[in-house]
Amino acid sequence: MAPIENKVLVLFAHPAQRRSEVNVHMARVAEWVPGVTVVDLYAEYPNLDIDVETEQARLRDHDVLVFLHPLYWYSTPAILKEWQDLVLEYGFAYGSGGTALHGKTFFSALTAGGPEAAYRAEGYNHFPLRQLLAPLEQTASLCGMTWLPPFVLHSARRAKEEGRIEAHLDAWEHLLEAVVHGRLDLATLREAETLNGVLDVAVQGG
Amino acid sequence: MESFLLQAFVYLVAAVVAVPVANRLGLGSVLGYLIAGVVIGPLLGVVGAETQDLQAYAEFGVVMMLFLIGLELEPKALWNMRVRLLGLGGMQVAVTTGLITAAAMAFGLYWSVALAVGLVFSLSSTAIVLQTLGEKGLIRTDGGQASFSVLLAQDIAVIPMLALIPLLAAPELMGANWGGGISDIRFTAGGGGSILEGQPGWIVTLVVLGSVAVIVLGGHYLTRPMFRFLALAKLPEIFTAGALLMVIGIALLMTLVGLSPALGTFLAGVVLANSEYRHELEADIEPFKGLLLGLFFITVGAGINFAILFENVFFILGLTIGMMLVKGLVLFGLAKAFKIRGAAGWLFTLGLAQAGEFGFVLLSFTTQNDVIPVGLGQTLQLVVTLSMLLTPALFIFHERVLANKVDTDKAEDDEIDQAGPVIIAGLGRFGQVVNRMLLSNGHKTVVLDYRNDLISGLRNFGVTAYFGDPSRPDMLLAAGIREAKVIIVAIDDQEKAVEIVEYVAREHPHVHIVARANDRQHVYKLYSAGARDIVRELFDSSIRAGRYALLALGHHPFDAERASRRYVKQDRHNLALLARLWDPDLTPLENEPYAAKAREINQEINEAMMKAQSPDNAGAERAWTPPPKGGKVSDDEDRQGTAAE
Chain A
145 MAPIENKVLV LFAHPAQRRS EVNVHMARVA EWVPGVTVVD LYAEYPNLDI
195 DVETEQARLR DHDVLVFLHP LYWYSTPAIL KEWQDLVLEY GFAYGSGGTA
245 LHGKTFFSAL TAGGPEAAYR AEGYNHFPLR QLLAPLEQTA SLCGMTWLPP
295 FVLHSARRAK EEGRIEAHLD AWEHLLEAVV HGRLDLATLR EAETLNGVLD
345 VAVQGG
Chain B
-4 MESFLLQAFV YLVAAVVAVP VANRLGLGSV LGYLIAGVVI GPLLGVVGAE
46 TQDLQAYAEF GVVMMLFLIG LELEPKALWN MRVRLLGLGG MQVAVTTGLI
96 TAAAMAFGLY WSVALAVGLV FSLSSTAIVL QTLGEKGLIR TDGGQASFSV
146 LLAQDIAVIP MLALIPLLAA PELMGANWGG GISDIRFTAG GGGSILEGQP
196 GWIVTLVVLG SVAVIVLGGH YLTRPMFRFL ALAKLPEIFT AGALLMVIGI
246 ALLMTLVGLS PALGTFLAGV VLANSEYRHE LEADIEPFKG LLLGLFFITV
296 GAGINFAILF ENVFFILGLT IGMMLVKGLV LFGLAKAFKI RGAAGWLFTL
346 GLAQAGEFGF VLLSFTTQND VIPVGLGQTL QLVVTLSMLL TPALFIFHER
396 VLANKVDTDK AEDDEIDQAG PVIIAGLGRF GQVVNRMLLS NGHKTVVLDY
446 RNDLISGLRN FGVTAYFGDP SRPDMLLAAG IREAKVIIVA IDDQEKAVEI
496 VEYVAREHPH VHIVARANDR QHVYKLYSAG ARDIVRELFD SSIRAGRYAL
546 LALGHHPFDA ERASRRYVKQ DRHNLALLAR LWDPDLTPLE NEPYAAKARE
596 INQEINEAMM KAQSPDNAGA ERAWTPPPKG GKVSDDEDRQ GTAAE
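Residue numbers (the working numbering), protein chains in the order written: chain A, 145 to 350; chain B, -4 to 640.
By construction, these hints were calculated from the structure, which means they are not laboratory data. From a predicted model like this one, the values you see are computed outputs, not experimental measurements. Check before you lean on any hint, since a few could be wrong.
What the hints assert, rightly or not - Here are the simulated lysine to aspartate or glutamate pairs, EDC-like style, with alpha carbons at most 20 Å apart: (1) B:624 to A:305; (2) B:624 to A:306; (3) B:627 to A:175.
What the hints assert, rightly or not - Derived Cβ-Cβ restraints for the label pairs, each shown as a range: (4) B:543 to A:304: 29 to 37 Å; (5) B:624 to A:332: 35 to 43 Å; (6) B:583 to A:176: 39 to 47 Å; (7) A:270 to B:624: 21 to 29 Å; (8) B:543 to A:217: 31 to 39 Å; (9) A:302 to B:565: 32 to 40 Å; (10) A:149 to B:533: 52 to 60 Å.
Just so it is clear, CB atoms sit at the ideal spot from N, CA and C, and this is done for glycine as well.
My request is simple: use the sequences and hints to build the entire structure.
As structure tokens, this is what we get:
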């Protein structure tokens, strides 16, 4: 078994997991990948009372940060915003002495209700997904992290009926393994729209 | 007996009629008492010379007042006042005495007589000023504190004055009546009756220091066992008797050694300011103090000799106004020098410009020691009385005209009273948690409980709590319910808890009530008594137990959290609905609207349970609900989205 190059921290946020058809399964899959830590934020902080010390220690302990969540109003569920507001402190994540995250990698794994075509200038969501996620990209930049485009499941509400979930979970597992074992070519990935399409070409040595 | 009853009846009628009227007119109770005295004395002539005797007893109200003030003042606070006490107070006495002495000499008085007049007029009226400041809630303001420092300094200054006055007696006037005719100076100043007369100086000093030590040490070490013993009797009046005994005992001791009883009880009050019996003592002494002070003011009004006044009306009025002007100017100058600004400075200047009850004492002492001739003494007594009569008017002037005007310049934060405390009634496990939580967030609490052992035990752990039955209104008043923002009713006795809530909701509607309930019936009673924040003592802990059970059954922690919140919300809502329909005179079965509502709620709960057991419940919850499968999210969707897929 290949050595673990990058420890991956998956912050999972889904407030209504009884109804989840994709995200919960993605979290289960991630838990079984060696080198990946999954944190169910809503389970850990049901009052949204986030423990900053714990979360910062987790960040220090990992090399790659992943937000795993459904896309709510073109952004994350509330607890992930709360997490950013509390954990990414001045002096820790940015500003004078705030170098704890320098050199780490950050990306989102998300499910979106709309089809890929909706996230275009001419689509009903009018903006590409990358552009909608600009706040996260800039957050990564200010914190000195390498930002990667999101790993996306489009039309997630129909994925179960259309039988697309298994393939997505497989791709997700492969992506995580590639990240853990340092087999991703970051330079290729940074300019892509999503991590989905480029996965095969970007994985070095397949 | 009959004449005693008649006299008591006259004084009480005068007080009961005049004081509420005066308060209604915004004049304050002091002016009300004074007017009552004028009406029953010089005007109607119902009471006569006995008012002077009575006054000597009534002055004991001042002694009690200083005891109560001492209780409010911790030793540390007294120490913090030292600059003002010595500087401000000492300067006021010295400068005023000097100026008035000079003025009296300009009127052609011999220097020793002039100095005696200066000493008499340098003192202000502790009784009027502190009573009025307390009534108007100004005692903790900057101006009030400065006034208090000066009054306290004056009370201390009375002692050397009493020692000085016999030395001023002109040798040719000195009679042989040393100590004979001064029996009416009973309480306020103990120049006469001292056991130390004729003793060498070092014995006097030793005994005086010894008695101060007795008060401080006794207050510190003896009161606790004494009150603990009294509390065993479980009879409130025995406690009251004990409190009175203590005050009177100290006054007696002070009189015996020739010290001011007012000062002695004040000292005792300071020593007891940290005691757990503080509020109980306050509640017990307060009514006596109020009545005696009222009686004192009435006797001042009744003592005005209109015959002498009308003979020299302009001269006496002129003297009064002149004296008050001199005092006012000195105070104004001191206010500037000690940086007491704005409305506080004016309160200080106007409030202390009168002569006071210690002036009476000094006057009778001086006339008896042949320092001041009797005729002049009577005139000066009128001046003192008139200036006291004018004081409430000056307070009203300050309140109506100056306070508003001066304060508009800038917001004076030193005029703001300290934040109202939180009263916690009952220091069981419930009250203790509330107390710790409030303290840890920087709030001041006053904790009351009537279980003596509990209080002493917790005091060992640094919890500041006071002994007393919080269901007694006077106890709550002593604890500061007037200034309080919140009261936590956490006593075990259900009926008493309802009584407290009723009383506070009725008499002090500005206080927010948080009440602990034992069960639903108790909730209803507290609700109809006026409480709105009602906490069932076992409700929140049961909810947590329920949530742990949900977690153990595999519910997601966030779902369990939301389920418990939903349950709390629904249950409290239903309880509030029922509380509004509950009628203390009917059983729930007799109360038809209540029973109907209860049935309706039960049905709702049953329906909700049925739904929760049905398999498609997962989609029923109304939170983070995704659009339905196949549902349209945008009008543009048909045109573009699906086509592009």
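Status of the hints after comparison with the structure:
Using a Cα cut-off of 20 Å, the hinted pair residue 624 of chain B and residue 305 of chain A holds, with the two alpha carbons roughly 10 Å apart. Simply put, residue 624 of chain B and residue 306 of chain A have alpha-carbon atoms about 12 Å apart, close enough for the 20 Å limit, and the pair holds. As the CA atoms of residue 627 of chain B and residue 175 of chain A are separated by approximately 34 Å, the hinted pair breaks the 20 Å bound. Take residue 543 of chain B and residue 304 of chain A: their Cβ atoms lie about 33 Å apart, and the range 29 to 37 Å holds.
In this structure the supplied range 35 to 43 Å holds for residue 624 of chain B paired with residue 332 of chain A, their Cβ-Cβ distance being about 36 Å. Distance hint for residue 583 of chain B and residue 176 of chain A: a CB-CB separation of about 57 Å, inconsistent with the stated range 39 to 47 Å. Taken as a hint, the range 21 to 29 Å holds for the pair residue 270 of chain A and residue 624 of chain B, whose Cβ atoms sit roughly 24 Å apart. Residue 543 of chain B and residue 217 of chain A have their C-beta atoms about 34 Å apart, which keeps the hinted 31 to 39 Å range intact.
Distance hint check for residue 302 of chain A and residue 565 of chain B: the Cβ-Cβ separation is about 35 Å, which falls inside the suggested range of 32 to 40 Å. Hint check: residue 149 of chain A to residue 533 of chain B, Cβ distance near 55 Å, so the stated range 52 to 60 Å holds.
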